[in-house]
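Asker: One letter stands for each residue in the lines below.
Number of protein chains: 2
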Amino acid sequence: MSKAVVVLSGGMDSTTLLWDILNSGKYAEVLALSVNYGQRHSKELDLAAKTCEKLGVSHKIVDMASIGSSLLAGSSLTSGIDVPEGHYEEESMKSTVVPNRNMILLSLAIGYAVSSDAKAVFYGAHAGDHAIYPDCRKEFVEAMKAVTKLCDWKEVELEAPYVDSDKGDIVEIGKQLQVDYSLTWTCYKGNEKACGKCGACGERILAFDKAGIPDPIDYVKSWEEVLADAKLMVANGPEKK
Amino acid sequence: MSKAVVVLSGGMDSTTLLWDILNSGKYAEVLALSVNYGQRHSKELDLAAKTCEKLGVSHKIVDMASIGSSLLAGSSLTSGIDVPEGHYEEESMKSTVVPNRNMILLSLAIGYAVSSDAKAVFYGAHAGDHAIYPDCRKEFVEAMKAVTKLCDWKEVELEAPYVDSDKGDIVEIGKQLQVDYSLTWTCYKGNEKACGKCGACGERILAFDKAGIPDPIDYVKSWEEVLADAKLMVANGPEKK
Numbered sequence: 113m114s115k116a117v118v119v120l121s122g123g124m125d126s127t128t129l130l131w132d133i134l135n136s137g138k139y140a141e142v143l144a145l146s147v148n149y150g151q152r153h154s155k156e157l158d159l160a161a162k163t164c165e166k167l168g169v170s171h172k173i174v175d176m177a178s179i180g181s182s183l184l185a186g187s188s189l190t191s192g193i194d195v196p197e198g199h200y201e202e203e204s205m206k207s208t209v210v211p212n213r214n215m216i217l218l219s220l221a222i223g224y225a226v227s228s229d230a231k232a233v234f235y236g237a238h239a240g241d242h243a244i245y246p247d248c249r250k251e252f253v254e255a256m257k258a259v260t261k262l263c264d265w266k267e268v269e270l271e272a273p274y275v276d277s278d279k280g281d282i283v284e285i286g287k288q289l290q291v292d293y294s295l296t297w298t299c300y301k302g303n304e305k306a307c308g309k310c311g312a313c314g315e316r317i318l319a320f321d322k323a324g325i326p327d328p329i330d331y332v333k334s335w336e337e338v339l340a341d342a343k344l345m346v347a348n349g350p351e352k353k
Numbered sequence: 113m114s115k116a117v118v119v120l121s122g123g124m125d126s127t128t129l130l131w132d133i134l135n136s137g138k139y140a141e142v143l144a145l146s147v148n149y150g151q152r153h154s155k156e157l158d159l160a161a162k163t164c165e166k167l168g169v170s171h172k173i174v175d176m177a178s179i180g181s182s183l184l185a186g187s188s189l190t191s192g193i194d195v196p197e198g199h200y201e202e203e204s205m206k207s208t209v210v211p212n213r214n215m216i217l218l219s220l221a222i223g224y225a226v227s228s229d230a231k232a233v234f235y236g237a238h239a240g241d242h243a244i245y246p247d248c249r250k251e252f253v254e255a256m257k258a259v260t261k262l263c264d265w266k267e268v269e270l271e272a273p274y275v276d277s278d279k280g281d282i283v284e285i286g287k288q289l290q291v292d293y294s295l296t297w298t299c300y301k302g303n304e305k306a307c308g309k310c311g312a313c314g315e316r317i318l319a320f321d322k323a324g325i326p327d328p329i330d331y332v333k334s335w336e337e338v339l340a341d342a343k344l345m346v347a348n349g350p351e352k353k
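Line order of the protein sequences matches chains A and B. Quick note: the first sequence uses the numbering used here, first residue 113, plus one each step. Quick note: the second sequence uses the numbering used here, first residue 113, plus one each step.
You may find that some hints are simply not true.
In this list, chains with the same sequence are indistinguishable; a pair is considered to hold if it fits within one copy or across any two.
[Unchecked claim] With a cut-off of at most 20 Å between alpha-carbon atoms, the simulated SDA-like pairs for lysine to any residue come out as follows: (1) Lys266 <-> Arg249; (2) Lys250 <-> Lys261; (3) Lys261 <-> Glu251; (4) Lys261 <-> Arg249; (5) Lys257 <-> Pro246; (6) Lys250 <-> Trp265; (7) Lys305 <-> Ala340; (8) Lys266 <-> Pro246; (9) Lys231 <-> Pro246; (10) Lys266 <-> Glu251; (11) Lys343 <-> Glu267; (12) Lys333 <-> Pro273.
Calculated from the structure, these hints are not laboratory results.
Just chain A, same shape as in the assembly (with noise of 0.2 Å):
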């Protein structure tokens, strides 16, 4: 049996796809691995450390907090820009995007595998982000799974099991495997309660709901306001400019 790596966020997709891996019993080791580039908030990193903790996972944190400010500004995820409220597909929502993060996160993971001599590295893109997202789209993991066998002598797979599913699905999965949601962190801002007004809370909100277990994180209004508010957010459809 060999060795996996995965790509952890903190938010509710990797953390899942980690208990997952774990799961199948596929790998004798399982390390995490996290990006610190400078996101506004250190919610999901700290979350993604007690799900390690709590799953005995060997766990890294890369810092990389300079770049986000001084290489790869001009989102609102790592810069002083606002955070837009409202639904995903909204071209506003495209400031939250940080200019090539998941070929900078996995090509880092991919380096760990290298020098861990793991055999496979795990991202939890999924269908959700591909409208926003062009590195979540599956053209896009296919272009990488080819780039990861050539880069080393050492044979390498990227591994995206979820890119054909959306949250809800994902969710799901979640449900079977007793997964601890209460240790993931989805919302844009850093706040002690969920907004549950952000695109990625109206998300995440509708997977829950989907799945049928309620979501254990708090919110600032109760699960049924914010459940009402985010299937208003769908109805309304994206805001027309």
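Go by the hints and put chain B onto chain A.
Answerer: Coordinates of chain B only, in the frame set by chain A:
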């Protein structure tokens, strides 16, 4: 006219490339990007800065030094392992490979291009490195070009104009452009004078010999002596283990 990003190591290939792109007059602005990934010495980076100063080019150095030691362990270029002497093709030279270095550098350069509205990323991969660095091979470059096209809405092209050239061809180009090769460093060791014995020195020495110009940097021995050594290294071929 658009902007271009050049991955600049401070070695002779990427320095020639920078001069070459500036000389082409095709870009309104050329941005140089260097990465400190925890190299054993900063000589190349210091020289990259001097070249940019001389050419009036904006230069960013990304500091990822901690990653070299923590994440990408196992390479003699970033750890305490002795740098091997001798021919490039020897098995021992594999320890000079930083796991997935080029994909990491390129992913950062592409992110920088996206955030600074540059349309092209240039890097100096060339045929001479193929045997020992998988991520300098044409197949890798082609696969990286494909993934680069997919990573963002903004169109960024990856360009590696020297991928079919060897180091001798590159010095030939530099000779025409009157590149200041005194501001480049190739030796794996960071001493005051180049050792003339490592694989990197050997290849550089033979490249200058092929182009018929003297190498302006200082070696521990005379040019005639290091040239004779380099020719002998090639004649003997890689040591069989």
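Asker: Indicate, hint by hint, whether the structure satisfies it.
Answerer: How the hints compare with the structure:
no.	hint	result
1	Lys266 <-> Arg249	between (26 Å within a copy, 15 Å between copies)
2	Lys250 <-> Lys261	both (17 Å within a copy, 13 Å between copies)
3	Lys261 <-> Glu251	both (16 Å within a copy, 10 Å between copies)
4	Lys261 <-> Arg249	both (19 Å within a copy, 12 Å between copies)
5	Lys257 <-> Pro246	both (15 Å within a copy, 15 Å between copies)
6	Lys250 <-> Trp265	between (25 Å within a copy, 15 Å between copies)
7	Lys305 <-> Ala340	within (18 Å within a copy, 71 Å between copies)
8	Lys266 <-> Pro246	between (28 Å within a copy, 10 Å between copies)
9	Lys231 <-> Pro246	between (26 Å within a copy, 17 Å between copies)
10	Lys266 <-> Glu251	between (24 Å within a copy, 16 Å between copies)
11	Lys343 <-> Glu267	neither (45 Å within a copy, 34 Å between copies)
12	Lys333 <-> Pro273	neither (33 Å within a copy, 57 Å between copies)
The structure does not agree with the numbered hints 11, 12 stated previously, though it agrees with the rest.
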